[in-house]
Structure formats: structure tokens, C-alpha cells
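Enquirer: For reference, the chains in residue letters:
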Amino acid sequence: MAQDALTDTTSEPEAETELKRSITGRLLYFYVLGDVLGSGIYVLIGLVAGAVGGAFWLAFAVGVSIATITGLAYAELVTKYPKAAGAALYVNKAFGNTFLTFLVTVCMLSASFAAAGSLATGFAAYFAQVWAVPPSLLVAVLFIVLLALVNFIGITESVVLNMLMTFVEIAGLVLVLGIGIWFVAGGDANFGVLTEFTTEGNEIFAIIAGVALAFFAMTGFENAANVAEETINPSKTFPRALVGGMVTAGVIYVLVAITAALTVPIDTLAGSDAALLEVVRAGIIPVPVGVMVILFAVIAMIAITNTTLVAVVTESRILYGMAREDVVPAVFAKIHPSRRSPYIALIFAALVVSGLLFAGAGLQSIGVGLDVIARLATVTVVFTLFIYALVIIAALKLRGTHESEDTYRANTPLLYLGILGNAVLLAYVLIDDPSSLWWCGALLALGFALYAIEYFFGTRDRPPGHERGDPSELRSAPEKGE
Amino acid sequence: MRVIVTTDGSKQSLAAARHLRSFADPDKITDILVLAVIRPLAAVAFADELSAPDRKRADTTSLSFREAAQSAVDAIAEDLADWGPKIVKQIRSGSPANEIIKAATQREAGLIVVASGGRGLSDNVLVGSTAQRVQHYAPCPVLVVRPAPRKRGTRRSAKGKGT
Numbered sequence: 101m102a103q104d105a106l107t108d109t110t111s112e113p114e115a116e117t118e119l120k121r122s123i124t125g126r127l128l129y130f131y132v133l134g135d136v137l138g139s140g141i142y143v144l145i146g147l148v149a150g151a152v153g154g155a156f157w158l159a160f161a162v163g164v165s166i167a168t169i170t171g172l173a174y175a176e177l178v179t180k181y182p183k184a185a186g187a188a189l190y191v192n193k194a195f196g197n198t199f200l201t202f203l204v205t206v207c208m209l210s211a212s213f214a215a216a217g218s219l220a221t222g223f224a225a226y227f228a229q230v231w232a233v234p235p236s237l238l239v240a241v242l243f244i245v246l247l248a249l250v251n252f253i254g255i256t257e258s259v260v261l262n263m264l265m266t267f268v269e270i271a272g273l274v275l276v277l278g279i280g281i282w283f284v285a286g287g288d289a290n291f292g293v294l295t296e297f298t299t300e301g302n303e304i305f306a307i308i309a310g311v312a313l314a315f316f317a318m319t320g321f322e323n324a325a326n327v328a329e330e331t332i333n334p335s336k337t338f339p340r341a342l343v344g345g346m347v348t349a350g351v352i353y354v355l356v357a358i359t360a361a362l363t364v365p366i367d368t369l370a371g372s373d374a375a376l377l378e379v380v381r382a383g384i385i386p387v388p389v390g391v392m393v394i395l396f397a398v399i400a401m402i403a404i405t406n407t408t409l410v411a412v413v414t415e416s417r418i419l420y421g422m423a424r425e426d427v428v429p430a431v432f433a434k435i436h437p438s439r440r441s442p443y444i445a446l447i448f449a450a451l452v453v454s455g456l457l458f459a460g461a462g463l464q465s466i467g468v469g470l471d472v473i474a475r476l477a478t479v480t481v482v483f484t485l486f487i488y489a490l491v492i493i494a495a496l497k498l499r500g501t502h503e504s505e506d507t508y509r510a511n512t513p514l515l516y517l518g519i520l521g522n523a524v525l526l527a528y529v530l531i532d533d534p535s536s537l538w539w540c541g542a543l544l545a546l547g548f549a550l551y552a553i554e555y556f557f558g559t560r561d562r563p564p565g566h567e568r569g570d571p572s573e574l575r576s577a578p579e580k581g582e
Numbered sequence: 115m116r117v118i119v120t121t122d123g124s125k126q127s128l129a130a131a132r133h134l135r136s137f138a139d140p141d142k143i144t145d146i147l148v149l150a151v152i153r154p155l156a157a158v159a160f161a162d163e164l165s166a167p168d169r170k171r172a173d174t175t176s177l178s179f180r181e182a183a184q185s186a187v188d189a190i191a192e193d194l195a196d197w198g199p200k201i202v203k204q205i206r207s208g209s210p211a212n213e214i215i216k217a218a219t220q221r222e223a224g225l226i227v228v229a230s231g232g233r234g235l236s237d238n239v240l241v242g243s244t245a246q247r248v249q250h251y252a253p254c255p256v257l258v259v260r261p262a263p264r265k266r267g268t269r270r271s272a273k274g275k276g277t
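Heads up: the protein sequence lines correspond to chains V and X, in order.
Residue numbers for the first sequence follow our numbering, beginning at 101 and rising by one.
Residue numbers for the second sequence follow our numbering, beginning at 115 and rising by one.
Please keep in mind that the hints were generated in silico from the structure rather than gathered at the bench.
Remember, it's a predicted structure, so these values are computed and weren't measured experimentally.
Beta carbons are placed, not taken as given, at the ideal position from N, Cα and C, and that holds for glycine.
The calculated BS3-like cross-link candidates involving lysine-lysine, where the alpha carbons are at most 30 Å apart (straight line), are:
| id | chain 1 | residue 1 | chain 2 | residue 2 |
| --- | --- | --- | --- | --- |
| 1 | V | K193 | V | K180 |
| 2 | X | K216 | V | K336 |
| 3 | V | K434 | X | K125 |
| 4 | X | K125 | V | K120 |
According to the in silico footprint, chain X covers these stretches of chain V (three or more CB under 8 Å from chain X):
| id | region |
| --- | --- |
| 5 | 121-128 |
| 6 | 323-331 |
Here chain X stands alone, though its shape is the one from the complex (with noise of 0.2 Å):
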């Protein structure tokens, strides 16, 4: 099974991507592509929150989202190194859930893990997030990975998005 682990730079991200380690067996995995899409006319084309703060630096010269995905990517990759399954990294750009669609039917991928960031009113709220449209038109099964609800206790929010 060939596997596309996403990253948006999010430390949710990389939970997923260990998520997707606590429980697969490497054995089956012939490959995983690591996979980040930046977001060209986005207010913040892509932020990196995964590398090391030497390696975050960017600033207002140099500002580059490509940098920045490439070191998320590397983060996620780095992460899952050891773990066995061979390891691809590519970046893309456009809009994440069309990309990480288009990226799963051209490698014929038997799953997606994406992260998904908030609890917050804005991700219940607000429609179109990219995990959710990842969930209705992937060409295969999808793993989504949710932060976990906080201890408060009170607010229950939805769970068990994965297909």
C-alpha cells in the first residue's frame, strides 16, 4: 500500500503522521509520500511550525513558502525515517485538497493521513476545510487526525472522522 502522510506545517501534522506509526504495519507500506501544498494566493502561503527554530528563520527578505514547506516536509520525513517504508517527499502548490487528491489518484495511494487543525468555533463553524473535502473526494480511504479534545470535559466535539 503506497500511503500520502500531508503536512500544512502544523505540529497536528506531525501527530498524524506518528499517529499513523502507533498502528500501521511498516511491513505493508511499499512506500510514503510526504507531502505539503502551499497555498500561492493565501494571506500566509505556508508556515512551517515543525523545524527547529534555527531553521524556521525566514524573514521579510527572504521570506520563502517554499522553504518552509521544504523544511516541513524534511520534519515530517525525518520523523518517519527509521520507521522502514521508503520515503518520497514532494511539494506542490494550488489549493491543498485538490492537490492532495490529484497527488493520491496519480500514485493510486491506499490512504491519506491528514491532520486536522482546530477545535475551535472557526473549524465547526466555517465549511470547506481541506481535511473535510480531502474525506469527499479521495480515491481512497482517509485517516484524520484531530487534535484531542480538551480535558475541560464539557464540550464533546465531534469525532471519528476517519473513513
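Isolated chain V, as found in the complex (with noise of 0.2 Å):
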């Protein structure tokens, strides 16, 4: 063993423990956009439409700034406490309430759940445009499936792939775009079209239901914070990187959707299972259409997957914090001894995901149902507006503790104006909607279900004197004297 004898008995002064982050400002701002862009405009486009008529980029432009006022409060916070927890812990160091804390970790394990399903809908329809002969339901349970493996196999962890994956998925609305310049240039279009409204009531309602639906395609943004312990500089990058990566997916969702309503007729829009699709097959600019439809579809599916892995890790990481901490059954924090993954919990995740795929499908096949992307996509919403607004609302209670001169501070009545846009979608949402409440229902009370199993079954494996989910008291578990 020791035939190498390479002795080199320079030591040269070192700290005790060195700490070298790994993500830069940069690969942030990739991640933020490429996890905010897969989510919504390739899934949803056709439904705003529908929902507002020409004018439905009025309703993404809406939607995006009231997403980046919550990334503001996002950024200062996550400058302030730099852990991978996000909402759970900024909810519990302003309001210091265990069960609100648990409340807002179960909303965003139940937002991430009904994320990842509509998400995997919106795959499968752009996998029926390549190859419809596979049910769609089939596909998007296996699509699942296979993103658990992924994460259990840890291909996820490559940072590049990260980026690869981010270009593609510019790349796609890119194209999206480049049709919408051809087709200008060559003067057929009719702006007009920019303005109309399809319903006949009030037009500011219009705007709100096409707000609600484009809301989905800006939530991911919160999962940023999965990666601000790694971030080089975070009280300097992260604000940069976070809302500039919004920015940037906002700048493009206004452009893309005023590209769809100039080239697409709105009905047709409204009417497909992959809208920007329709977009490509109008055939504006001399290219076969077959083969734009199919690089199209590509592009679309990797954009999803991008966001839809980050889903299933944000998951992942929940349930296994959870687990940690005593508040669900200890199985969940089972990590796999080579494949270092929490297998159970990943397993966990896709079975409930799969659930709502089928409980979506039959609901739908027996004619209660909707559709299930926009049935999902308005689960998501809802549990992400209540967070997003407890957020800010954290935000503002928390200024003047923790600060320090790089602390990055939001503009405060930015901050108002974000409470009360989050509200007044959550509200709507409710009202428009309230059978999304039975889905709402359904997956927190699943998550009240594992507490009770831990309750009443779990082992009681947390140290002596703690209370059951006190991050307090486990914060000040004693330190081992080194």
C-alpha cells in the first residue's frame, strides 16, 4: 500500500476548517431562471389565453412583477438567514409558532407535490406531439418516476447539466420569439389583437383569472434557497441573481405571449393541449413544420424536466427535514448508504404525485373534474400565494433584527403592494374556484397524516427535554467542546 512515499513536509498555515462554497452568482441566476421558466409559459400558455383573450400578456406581465415583489422579500431574508429552508424558517424566526411553521412546511411540500403533477401533465401533452401512440397519463406517471430515479442516482447533482438544460430552454422561447420578429417584419400583424378581451364582463376580472393561471408560471423561484448555503457571497449575489433571473423570465413570458397572440389565433391558443406549439406549426417562416414541431416538443420537454427535478428535489428535502426533526415518520430521512439519497422519501414523493395524476384523470373521466394541468396548477397557486404572502409580511416583521450593512432591504411599500396582490389572487382564486379547496384539503391533510403517524407510532428518537418539532430548543443542543 505505502509504495508511494511522496513526503512533502511543507505545511503552510491553514484554518482549522476551510469552507469553499460552489455556486456562483452566475450558475444562480441560470438556476433561478431555468427552474422559473420550465414551470409555466410551455404548460399554461394556451390556458391564460383562454381565460383573458388577446390581452392575456397584460395578465403574465401582471403576474410576474407581483412574483418578483415576493422574490424582493425572498432575497432579503435568504441575506439574512442563509439556509436551505426558506419559507419554513423565515415564517418561524418572525412569528416564533411551531404550527404555523409546520402549517406553511406542509403547504410548500403540498405546493411542490401539485407543482410536479401538473408539470408532469404538461410533459406528457408535448410527448403526445411526438409520439401519441402512449397514454398521456402512462407518460406523465413515468415521467415521475424516472425524475425520482434520477434524483436517487444523484445526476441531478451535475451543475452544468444545470446550465445546459437552462440554454435549452432560452433557446426554445428564443425561437418563440424569432417567429414573432419574422412574422412583424413582414407587416401581417395585427396589433389590435393585443388589446381584446374574449369575455364580456369586466375586464379587470379577466386580467385577475388570467393572473391566477400565469402566477404558476412564475412559483419555482422560492426553491432558489435550496442552494444559498452553497451561494459564494450570498448577501451580495443572491438579491442580484434572484431577481434578475426574474426579471429576465418575466421579460420573456410578456414577449413570448405577445408572440402567441399575434400569430395564433386566440381560440386556437386556447384550444391546444401545447400551445406555443400552435406558434411554431403557424407556419410563418420557411422551415418544414414537422421538424419545428418536433425540436419544439424537445425543447418543451426538457424545459419542464428542469423544473419539474427541482420540484422533486425541494420534495425530497422537505419530507427528510421533516423526518430530522420528529414531525413525520422517521423513514423519510433514510438515505440510501452508496447512492447517499433519501430513497424512501423520494419514493414517497413520486407515489403521492402519481396520486394525483390518477385521482386527476379519473376524476376527469367521470366528468366531475377539469383539466388536470390547470386543476393542479391552481393547487400550486394557492398554497404558493398563502406562503409568498406570509413571506413578505415575514419580511416586514423582521426588519431591524439580524441586519448587518450587507443585509440587501427591499423597498417597503413595494412589499404592501405585494401583500396585497398575493391576497387579492388568493382570494380570487378561492372564490373562482373553490372546489380547488377539496385538493388543497386533501394533501394537507395527508401531511396532518404523517404527523399523527409520528405522534402516536413514531419512535421517540429526538434528545431528552425537546419538544416534538422545537427548532429552539434544537438549535441549543450542546455543542461538543473541540
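Using the hints, put the two standalone chains together into the complex.
Expert: In C-alpha cells form, the structure reads like this:
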């Protein structure tokens, strides 16, 4: 063994522990951009167009603005508390209420379950454009199972892969924009369509309806907190990368929405499962439509995959964290010995999302349910709006604590506007679509059921004297003297 | 010789450190770097199964993979503390194999100690585990410590991966 005697006696002075972080501002920017871009526009643009009419780009503009304001609050809180837990940590810091913290955690978990379900259905819709034979439910479920497997193996660790996927996503949207520019340059564009509303009723309500859906397109940015701990110089890079990524995504969204409205009749958009494909299919640029459709469908699938991967990571992290806290059964913290992945949590997450997909398809087939994408997107939006509003309130409440000179400080009136925006949207969604509450309730019930199982049957493996799930107690665990 | 002892927070990585200690001569080792690598984009960026229960308490709100990595590194360092060589601790983030190799190159290490976790199906079927990649690209010899084969006997897993 010791055939090598490379003795090197030069000992440079070193700190006792060196910390090397790896996420640069640029990587974080692409992480946010990739995560946000994949989640909505490919999946939802048809639904938003149907809800609003030709002016649906406005819905994206408003949705993006409200989400970006929320992003400011996240940026402020991340610079104060650069930990992976995100909203749950901020709410706990601000309110110190164990139940509220638990509720927010369960909401975060439910939101990513619903988002993954919606995205998987969207994936299946684009997949059908390439190969229409397998039933879409099967494709969606296999997609989720495959992503769980990918996370188990650990392919997602690759930062380079993540960036490549983001570039592909941007390429797809640039392609759409290019078609739009070509079309406008050709002089056929009728800009009048951009101010048209399909609904007879109040135009404000039409926009709110669109915003409520378009909001789904912006969700996902909060997952940037996943890598907060590993970000180099977070107080500087985090606000810039997060807000920069969201604004970039927002501008792309609005431009793409305008392009879609100009090039494709609104009813075609509204009636399509894979609405952005209609722009390509309109045959505006002189490239064979068949090739373009397949190319674009593949790009869309990559975009959706990127975002869903992050959702699956978030789900398993939340379950892992809760299991370590003794809030849900300890099996969710089980780590595979060689892969170092929480395999039980990954399997469970895949099962829940598949369950949502089957339930959605089942309800639809007996004629009760609505479109699965829209339904699960709405459920995601309900949960995220609730979380976002609480996070902004937490940001305001935590003003003056844990601040240093390089803490990022969001504009206060904007934050109040953000609370108002989130609250109005939440109220609208709940009044407009009360049946989504059943889904929300079911997901919350699942969280509480896991808690109950742990409470009644779980082993008491937390240290003596520590309250279940009380973070402040856990925090004060005795430190080993070194 | 400078040695790098890696830990992924697993019990097996502690076994690997102890294995090194069981045969190597501490007088020939100038220093030992105890290294943990956090995987920022993985489902669980770092899981610590080494430290005492009261230390590994994490929770949803303060879930800190850095703290987990820190306590795993501390646990290994503590185990080697009275052996002799100077102990240096380091936590990196990124792809584990890459970071281990980078650290070895930077420090001109003479030996890398890694644990290879499983006996299970996934370790035999799926390629790309950290230990494998470290073996292939390391600038120095690598000691891969695998778990002892199960007593049941019939199945023999491939052994002797150490170089």
C-alpha cells in the first residue's frame, strides 16, 4: 500500500476548517431562470389565453410583477438567513409559532407535489406531439418515476447539466420570439388583438383570472433557497441573481405571450394542449413544420424536466427535514448507503404525485374534474400565494433584526403592494374555484396524517427534554467542545 | 505523505478512516485532511450519520447541510485526533469526485481514503459512484474501503478495489 512515499513536509498555515462554497452568482442566476422558465409558459399559455383573450400578455406582466416583489422579500430574508429551508425558516423566525411553521412546511410540500403533477401532465402533452401512441397518463407517471430515479442516482448534482438545460429552455423561447419578429417584419401583424378581451364581463376580472393562472409560471423561484447555503457571498449575489433571473424570465414571458397572441388565433391557443407549439405550427418561417414541431416539443420537454427535477428535490428535502425533526415518520430521513439519497422520501413523493395524476384523470373520466393541468396549477398557486404572502409579512416583521450593513433591504411600499397582490389573487382563486380547496385539503390532510402517524407510533428518538418539532430547542443542542 | 480522508457522513467512511489507522504508520504521515463534499443540487446535499444523536438534530427550519458536513468532519477528525498526524478539516461543495481530486491535486496528497457505500444492487448496476470516479482520475493511490461482505456467504461481491 505504502509504495508511494511522496513526503511533503512543507506545511502552510491553514485555518482549522476551510469552507469552500461552489454556487457563483452566475450559476444561481441560471438556476433561477431555468427553474422559473420551465414551470409555466410551455404548459399554461393556452389556458391563460383562454381566460383573458388577446390581451393575455398583460396577465403575465402583472403575475410576473407580483412574483418579483415576493422575490425581493425572499432576497432580503436569504441574505439574513442563508439556509436551505426557505419559507419555513423565515416564518419560524418571524412568528415563532410551531403550528404555523408546520403548516407552512406542509404547504410548501403540497405546492411542490401539485406543481410536479401539473408539470408532468404538461410534459405528457408535449410528448404526445412526438409520439402519440402511449396514453398520456402513463407518460406522466413514468416521467415522475424516472425523475425520482434520476434524483436517486444523483445525476441532478451536475451544475453543468443544469446550465445546459437552461440554455435549451431559453433557446426554445428565443425561437418563438424569432418567429414573432419575422412575422411582424413581414407586416402581417394585427396589433389590435393585443388589447382584445374575450370575456363579456369586467376586464379587470378577466385579467385577474389570467394572472391567477399565469402566476404558476413564476412559481419555483423560491426553490433558489435550496442552494442559499452554498452560494458564494450570498448577501451580494443572491438578490441580484434571484431578481435578475425573475425579471429576465418575466420579460421573456411577456414577449412570448405577445408573439403567441399575434401569430395564432386566440381560440386555437386556448384549445391546444401544447399551445406554444401552435406558434411553430403556424408555418410562419420557411422551415418544414414537422421538423420544427418535433424540435420544439423536445425543447419544451427539457424545460419542463428541469423544473420538475427541482420540484422533486424540494419535496424530498422537505420530507427529509421533517423526518429529522420528528414531525413525520423517521423513514423519510433514511439515506441510501451508497447513493446518499433519501430513497424512501423519493419513492413516497413519486407515489403522491402519481396519486394526484390518477385522481385527476379519474375525476375527469367520470366528468367531475376539470383539466388536470389547470386543476393542479391552481392548487399550486393557492399554496404558493399563501406562503408568499406570509414570507413578505415575515420580511417586514423581521426588519431591524439580524441586520448587518450588507443585508439586502427590499423597498417597503413595494412589499405592502406585494402582500395586497398575493391576497387579492388568493381571494380570487378561492372564490372563483372553490373546488380546488378539496385538493388543497386532501394534500394538507396527508401532511397531518404523517404527523399523526409519527406522533402516535413514532419512536421518540429526539434528545430528552426537547419538544417535538421545536426548532429553538433543537438549536440549543449542546455543542461538543473541540 | 499527506493523506486525504473523505467522509460522506456514512458509517462506512468512519470505518475507512479506522482502517487507515489500523495499518498505516503515523510517523510517515505529515498531515491528514478530513474532507467532506456538499452536493448543492442533490436531493439531500449532505447527510450526517456519524455524530451523536444530540448533535445531528436538524429540523425543517434550520436544516443546514453545512452543519451536517461540519459535524461529520468533526466526528472523523476526533476519531483520528490521538493518532499523531496533524489534522486539517475542509468542507467543499460541488461534485464529490471532482472536489476530492481537486483537493488531492492542490495538496499533492500521497493517498486518498474513500468509503464505498453499498453492497446493494444499485452499487453494482449503476455506474458513476464517487469511489469509482476517484479511483479513475486520482493523482495518487486510492484506498477504497468497502463494507465487509455479508455472512450469508453465497454471494461474493467484487473486492480488492484498492490500488
